[in-house]
Every structure is written in C-alpha cells, then in structure tokens.
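Asker: Counted from 1, the sequence shown has number 141 at position 141 by the UniProt record's numbering; the numbering is strictly sequential.
Each hint should be verified, as a subset may be incorrect.
Unchecked claim - Pairs of lysine to any residue residues, derived as SDA-like cross-links and limited to a Cα-Cα distance of at most 25 Å, are as follows:
(1) K73 / E161
(2) K73 / Y159
(3) K73 / A165
(4) K73 / N60
FYI, nobody ran anything at the bench for these hints, they're computed from the structure.
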Amino acid sequence: VSYQARTELTHAPIRVRTNLMHKMPGDILAAFSNTRTVQPAWFSTYLSHQPTVACFEVENARISYRHWRNVNKPGLLFVHGHAAHARWWDFIAPAFRDSHNVATIDLSGSGDSSHRTAYSARLFSREIVGCIQASGLNRTTVVGHSFGGAMARTAAYLYPEQLTAII
Numbered sequence: 001v002s003y004q005a006r007t008e009l010t011h012a013p014i015r016v017r018t019n020l021m022h023k024m025p026g027d028i029l030a031a032f033s034n035t036r037t038v039q040p041a042w043f044s045t046y047l048s049h050q051p052t053v054a055c056f057e058v059e060n061a062r063i064s065y066r067h068w069r070n071v072n073k074p075g076l077l078f079v080h081g082h083a084a085h086a087r088w089w090d091f092i093a094p095a096f097r098d099s100h101n102v103a104t105i106d107l108s109g110s111g112d113s114s115h116r117t118a119y120s121a122r123l124f125s126r127e128i129v130g131c132i133q134a135s136g137l138n139r140t141t142v143v144g145h146s147f148g149g150a151m152a153r154t155a156a157y158l159y160p161e162q163l164t165a166i167i
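Based on the sequences and whatever the hints tell you, model everything.
Answerer: Here's what the structure looks like:
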C-alpha cells in the first residue's frame, strides 16, 4: 500500500463524519427540538417540595442540613458518601416526606458545611446525632451511602439511644 493510500484510509473516517454533519437535513434537527419530554411523577414531586436549609454547630464547625419537615412522623436521615453532599439525596428524600420527617446532612468538609483541620469517625457521628437533634427527628432511621453508611454504623454504636435503625 502506498503512502498516499495509507493517508487516505487514515483520514477517511474523519472526512466522512465531517461531511455527514454538514449534510444533515435541518428538518431532523427541528424534529429533535420539537420533541416534548413528559416528566415523571417523582420529578414533579421533587420540584413542588423544596426543603428548608438550616445549620447547627458541632465543635466550632457549622454543619448544614436540608429538611422536609413532617413533625409527627418517624425520622429519616440520609447521609452522603465520600466526596458527595446532602443535595445528592434531593431526588430521593422528597419521596418519603409523607411518611417520615426527612433530613439530609452535609458532613463537615462537604457541601455547605465548614471544613476542619482534622476529621474522625467519632466527630462525624456527633454531627449525625447533632442533625437528628437540631432537626427534631425522632425514632430515627439513618440511611447511609458508602462512607455515610460507615459513619451511620459508628453513630449507632456510640449513640444507640438516638437511632432506631441504620440502612
């Protein structure tokens, strides 16, 4: 195979792709822009029930949490995983607002909470318990994702009177 033939073969896919993009009919693009997406019910529920955002303090750090208040119901606290934040639960938490008093927490160093110079499982456990108390959750189940699950387990071990269950 000659050098010229190899060059043409190598560049052919790029040329073809570029040519197809230039020849794409405008009516195909218009069809895509006119399509209407039906929103699922859970998304509408999310949009109609925004949480209140509040803070409390644990050992000189401001801890932020989001709260879908339903005072007479059992508590449900969602704890995010490592390198995440409370807003990760925003599409899940509202689904429980009718049956639970729901909160999500930004552990220190995440989201809207303060950063610290040192962290520990005991400290994160105190933050979880602090959120339970600050938000008025009772008979609380803590749902933790990954790192949040490990911190929920530690909180249940250190403060068994504050938690009913962990997931």
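Asker: Now, for every hint given, state plainly whether the structure supports it.
Answerer: Status of the hints after comparison with the structure:
no., hint, in the structure
1, K73 / E161, "holds (18 Å)"
2, K73 / Y159, "holds (21 Å)"
3, K73 / A165, "holds (15 Å)"
4, K73 / N60, "violated (31 Å)"
Against the hints set out earlier in the document, a violation occurs for number 4 only.
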